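J.: All chains should be built: construct the whole structure from the sequences, respecting the hints.
The opening residue of the sequence shown carries number 1 in our numbering; numbering runs sequentially from there.
Hints should not be assumed to be uniformly reliable.
[Said to hold, decoys possible] Below 25 Å or equal to it, Euclidean Cα-Cα: the simulated SDA-like pairs (lysine to any residue) are:
#  : residue 1 : residue 2
1  : Lys255    : Lys124
2  : Lys44     : Ile105
3  : Lys166    : Leu182
4  : Lys255    : Asp173
5  : Lys44     : Pro169
6  : Lys124    : Gly211
7  : Lys79     : Ala186
8  : Lys79     : Val327
9  : Lys255    : Lys79
10 : Lys73     : Ser214
11 : Lys79     : Val62
12 : Lys124    : Pro78
Hints were generated in silico from the structure; no laboratory data involved. Just so we're clear, the structure is a prediction, and the values are computed from it rather than from any experiment.
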Amino acid sequence: MEHIHISIYVLGMLIALALLFDFMNGFHDAANAIATVVSTGVLKPQTAVAMAAVFNFIAIGVVGVHVAATLSKGTIDPKVVDQYIIFGALVGAIIWNLITWYYGIPSSSSHALIGGLVGAAVAKSGTGALIGSGLLKTVIFIVVAPLLGFALGSIIMLIVAWVFVKSTPRKVDTWFRRLQLLSAAAYSLGHGGNDAQKTMGIIWMLLIASGYSSAAETTPPSWVIISCYAAISFGTLFGGWRIVKTMGQKITKLKPVGGFCAETGGAITLIVSSYFGIPVSTTHTITGAIVGVGSAQKMSAVRWGVAGNIVWAWIFTIPASAFMAAVAWWVGTHIM
Numbered sequence: 001m002e003h004i005h006i007s008i009y010v011l012g013m014l015i016a017l018a019l020l021f022d023f024m025n026g027f028h029d030a031a032n033a034i035a036t037v038v039s040t041g042v043l044k045p046q047t048a049v050a051m052a053a054v055f056n057f058i059a060i061g062v063v064g065v066h067v068a069a070t071l072s073k074g075t076i077d078p079k080v081v082d083q084y085i086i087f088g089a090l091v092g093a094i095i096w097n098l099i100t101w102y103y104g105i106p107s108s109s110s111h112a113l114i115g116g117l118v119g120a121a122v123a124k125s126g127t128g129a130l131i132g133s134g135l136l137k138t139v140i141f142i143v144v145a146p147l148l149g150f151a152l153g154s155i156i157m158l159i160v161a162w163v164f165v166k167s168t169p170r171k172v173d174t175w176f177r178r179l180q181l182l183s184a185a186a187y188s189l190g191h192g193g194n195d196a197q198k199t200m201g202i203i204w205m206l207l208i209a210s211g212y213s214s215a216a217e218t219t220p221p222s223w224v225i226i227s228c229y230a231a232i233s234f235g236t237l238f239g240g241w242r243i244v245k246t247m248g249q250k251i252t253k254l255k256p257v258g259g260f261c262a263e264t265g266g267a268i269t270l271i272v273s274s275y276f277g278i279p280v281s282t283t284h285t286i287t288g289a290i291v292g293v294g295s296a297q298k299m300s301a302v303r304w305g306v307a308g309n310i311v312w313a314w315i316f317t318i319p320a321s322a323f324m325a326a327v328a329w330w331v332g333t334h335i336m
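T.: Take a look at the structure:
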């Protein structure tokens with residue numbers, strides 16, 4: 001593989017830009033990890049984000065780097081990767097994240113990044129630069145991840161309802177206020193494990209293209225792994241408060257038992273996906289789980305209009321970020 005020629009300064013700038021995206025990913029998606037535990041009143045917001053940040057980082061030793069490998073080697077042809085594609089992908093994803101954060105829309109940072117890669121690669125080399133098998137896996141899980149979250153959230157809710165059918169509401173509330181601490185920690189573990197690896201994959205892709213890392217290596221350099229987990233953890237610590245209300249209360253009203261079921265269903269989906277190297281959306285997953293919990297109680301408990309608006313944001317994320325990345329790629333070729 002022929003390596004691109006890139007100055008150490010441009011390389012450093014792109015790595016810094018990738019870590020900025022990673023920070024924003026944590027900031028943008030903090031709501032996914034803490035919305036349920038905050039909206040049910042189990043934890044205060046600052047305590048919740050601190051716990052989520054800690055478990056985001058702990059994931060470094062739990063889920064491996066399979067997602068990073070998928071993103072770095074299985075989405076676009078490594079031969080077309082250069083500094084302009086990486087710049088375009090990151091800028092496109094960052095702009096889309098800022099727009100959706102400002103309007104409180106729980107869109108997917110993961111799919112914004114993948115859309116950014118697709119848009120920049122197509123702008124440079126056309127659709128032949130895309131690796132169909134890797135992208136197909138991602139596209140399929142745009143549908144599968146929320147459905148799996150929905151199914152697990154509703155099934156766990158039904159099991160809990162059956163197990164505690166003779167318990168008083170007060171006793172159930174007391175139990176699940178404690179158990180929700182565990183489910184929130186598990187979800188934060190899954191969130192950090194899947195999402196930090198996406199930025200890790202981008203940096204690894206850049207290092208391979210520039211000759212600073214070998215394509216034969218099975219893991220990225222240790223400093224890349226540590227810095228990506230640290231960046232997303234710091235982002236989570238600052239919290240994207242505009243999205244918390246949408247996730248925690250606007251879709252359906254949650255009690256501690258519902259929060260536990262949604263987080264547990266989401267955590268299982270994320271951790272399993274990470275082990276199989278599938279870059280799924282943590283936003284899609286927890287939204288599906290919350291809707292599943294609400295519908296398991298009664299269909300009218302879910303505000304389907306709000307859920308529908310969120311789905312439209314999901315649909316537009318990849319094409320919107322791809323378009324922005326294509327423009328950013330063109331700008332990058334003129335300024336870098």
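J.: None of the hints should be skipped; say for each whether it holds.
T.: Results of checking the hints against the structure:
| no. | hint | verdict |
| --- | --- | --- |
| 1 | Lys255 with Lys124 | violated (49 Å) |
| 2 | Lys44 with Ile105 | holds (22 Å) |
| 3 | Lys166 with Leu182 | holds (24 Å) |
| 4 | Lys255 with Asp173 | holds (8 Å) |
| 5 | Lys44 with Pro169 | holds (22 Å) |
| 6 | Lys124 with Gly211 | holds (21 Å) |
| 7 | Lys79 with Ala186 | violated (38 Å) |
| 8 | Lys79 with Val327 | holds (21 Å) |
| 9 | Lys255 with Lys79 | violated (51 Å) |
| 10 | Lys73 with Ser214 | holds (12 Å) |
| 11 | Lys79 with Val62 | violated (31 Å) |
| 12 | Lys124 with Pro78 | holds (13 Å) |
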